[in-house]
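*Asks:* Listed below, chain by chain, are the residues.
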Amino acid sequence: MGAQIHGTQKFNKEERNKIHFTMAALEEIQAIMKRYPEGKHKSGVIPILHIAQAENNGWLSAEVMDYVASLMKIEPIEVFEVASFYSMFNLKPVGKCILEVCRTSSCWLMGAEDVVRHIEKKLNIKDGETTKDGMFTLKTVECLGSCGTAPMLQCGASYHENLTIEKVDSLIDKYKSEGKGRYYTDRDYHNTL
Amino acid sequence: MGKKLLIHNDHVPGIHTLDVYRAHGGYASVEKALKTMTPDQVTDEVKKSGLRGRGGAGFPTGLKWSFLAKPEGVARYLVCNADESEPGTFKDRYLMEKIPHALIEGMITSSYALGAKKSYIYIRGEYFYVARILEAALAEAYAAGFLGENILGSGFSHDCYVQVGAGAYICGEETALIESLEGKRGNPRIKPPFPAVQGVWACPTVVNNVETIAAVVPIVNEGGEAYAKIGVGKSTGTKLISASGHINKPGVYEIELGITVEDFIFSDEYCGGIKGGRKLKAVVAGGSSVPILPAELILRTAKGEPRLMTYESLGDGGFITGTMLGSGGFIVMDETTSIVKNLWNFTRFYHHESCGQCSPCREGTGWMEKILNKILAGKGNLSDVDLLWDIQSKIEGKTICPLGEAAAWPVAAAIRHFRAEFEEYVKNPSSIKDVKHYYRLNNLVEA
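Line by line, the protein sequences are chains U and C. For what it's worth, my numbering labels the leading residue of the first sequence as 1100, then goes sequentially. For what it's worth, my numbering labels the leading residue of the second sequence as 32, then goes sequentially.
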């Protein structure tokens, strides 16, 4: 039985059978389901989807969501309806580093649009697009609670604040040379509060 | 210097660790409450303190606690609202990141008062790294015996968990938060039943903001009456204000409720005045949802009295000439700011964040964004301003949750106080800077 995914996603049973999460991820998923009262383990679907997304290069395919449903012993639609509601879950492939630039309110007052335009020009992509080498995705997002250190962007678990064009340039260069994927669940993070 | 109760130790190196936190008096409220007070006595102190919900609504916390249903044999829960998503607000992040044990101590003491054996800290997903900081602090608290079975030999047992969200402003609304905690989409529930009767997993639940829960610590330590002596009238105690925008010193400030707005904006102790020596144009005093006020009305009430940082003074004049303290997200705009563009930015936010359950909000926020797009692309008519007013008036009060009001109020206030700016953009489109930018941003076809 496959997830009944409408829209952009198709379900492939062979792909689904190939999915394997790391042992650490599987253990964490089991631990999360124990945080809730007996029979209420569905409550763990959001934290578990974060882990699943990090295990799958930063996005949730129909196959991965189906796999999560089987791990949690809930229906695939219960996973999909959650994944499609929350803005941090990506339902299509993304770059290794998603540059999430806050566009709201104080960040906007302090020049977020200049940051977005600079990244668009530098990486030759528009908001929502991914570079050809698969390294960066640019995404404008709503308020990230960094208004006093605006403008800012988030990449994985890290907050990069009080941005200037120079800071954005050196950040992109650094990430490009390191070449690794960055996820919300990363345990190493950077912030400048 | 005003009295500080919540972040007075934020500069102490290592204050995020249990040992340093303890060395500065940490966890005294847990010892005092569990060893010397009954749960009802703790609730009474919170009632006496006059503490009001710090998330935005300002509802008396002690009263909220007293509504909690206590049927025999049914679990009760305390849920901390750490979803902090109101644009302009970042105080909870600061508190949790700098002094995570202040929240955890408050969670334990409050849970004792409520008889909750389990509590959850629901934190917005973007604050994932802050969730890691809280988890590390929770592990320390367990190891020291402040959490787990039979805490300090009192017979009270408690477990506290951190739950991350995944990006949805609406989950700051308490029933949407509860839905999300149950592993569902964040669609607000129809009330009643209120969470105090049927909250998470249909059990009685209290949902309180981070700052509210942290404030329980000094209230228990020093007594509700001592807390109530700080502040003015029904605005008691201290409040964390997130100051941002065109000011010299943006940041989180703990103020005694009752200082003047003028002092807060211009004194060096707080915002330090407007950046670049420019003039103050407008302020959104309590997060993006509350009505924007022009400089003259934020500094003085319509009666000419100095405006104070209190629930009552900021609300003086209702929405005609006043605003709200809200979450304390204090956004300052200088004379170069376009109020119309700022409103477009806010309205896009609410359109993006509407959960889609109620038609007035789902459709109305989109219509308002489209009309503002049109005006900013130089294609507006004078009737568009009236249409905006009409739409916002038909959202307010007609939705399940307050996101409808949150989207409507900024539109109403911007038109009420700055109508001439809208009309200028309509009559004289060449005065709009960057028209093409708005075309592109909004995927409009250039005519």
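Be aware that one or more of the hints could be misleading.
What the hints assert, rightly or not - Okay, derived cross-link-like pairs now, DSS-like style, lysine-lysine, Cα gap no bigger than 25 Å in a straight line:
1. Lys-1117/U - Lys-1221/U
2. Lys-222/C - Lys-1139/U
3. Lys-1139/U - Lys-215/C
Unchecked claim - To be clear about the criterion: a stretch of chain U counts as covered by chain C if any three or more of its residues have a C-beta under 8 Å from a C-beta of chain C, and this derived list gives those stretches:
4. 1154-1167
5. 1247-1261
As the list claims (entries may be wrong) - A short list of chain U residues far from chain C (calculated; beta carbon distances all over 12 Å):
6. Lys-1112
7. Leu-1243
8. Asp-1268
9. Asp-1272
10. Lys-1273
11. Arg-1286
Because the hints were derived from the structure by calculation, they are not lab data. Note that CB positions come from ideal geometry on N, CA and C, so glycine has one too.
*Asks:* Checking a non-interface call: every C-beta of chain C should be farther than 12 Å from the C-beta of Arg-1286/U. Is that right?
*Replies:* 7 Å, violated
*Asks:* Under 8 Å between beta-carbons, do enough residues of the region 1154-1167 of chain U, three at least, approach chain C for the coverage claim to hold?
*Replies:* n = 0 at 8 Å, threshold three: violated.
*Asks:* Confirm or reject: Leu-1243/U is not an interface residue toward chain C, with every Cβ-Cβ distance exceeding 12 Å.
*Replies:* 5 Å, violated
*Asks:* Does Asp-1268/U sit more than 12 Å from chain C, CB to CB?
*Replies:* Non-interface label on Asp-1268/U holds, nearest chain C Cβ at 22 Å vs cutoff 12 Å.
*Asks:* Straight-line Cα separation of Lys-1117/U and Lys-1221/U no greater than 25 Å?
*Replies:* Distance of about 37 Å is beyond 25 Å: violated.
*Asks:* Taking C-beta pairs only, is Lys-1273/U more than 12 Å away from all of chain C?
*Replies:* 18 Å, holds
*Asks:* Is it correct that the beta-carbon of Lys-1112/U has no partner in chain C closer than or equal to 12 Å?
*Replies:* Non-interface label stands for Lys-1112/U: nearest chain C Cβ at 26 Å, farther than 12 Å.
*Asks:* Measure nothing beyond the straight line between the CA atoms of Lys-1139/U and Lys-215/C; if it is 25 Å or shorter, mark the hint as holding.
*Replies:* 12 Å, holds
*Asks:* Check, residue by residue, whether the region 1247-1261 of chain U contains three or more positions whose beta-carbon lies closer than 8 Å to a beta-carbon of chain C, and give the verdict.
*Replies:* holds (count 7)
*Asks:* For the pair supplied as a hint, Lys-222/C and Lys-1139/U, is the alpha-carbon distance within the 25 Å limit?
*Replies:* 23 Å, holds
*Asks:* Is it the case that Asp-1272/U keeps its Cβ farther than 12 Å from each residue Cβ in chain C?
*Replies:* Check passes; 23 Å lies beyond 12 Å.
The structure shown violates the earlier hints numbered 1, 4, 7 and 11.
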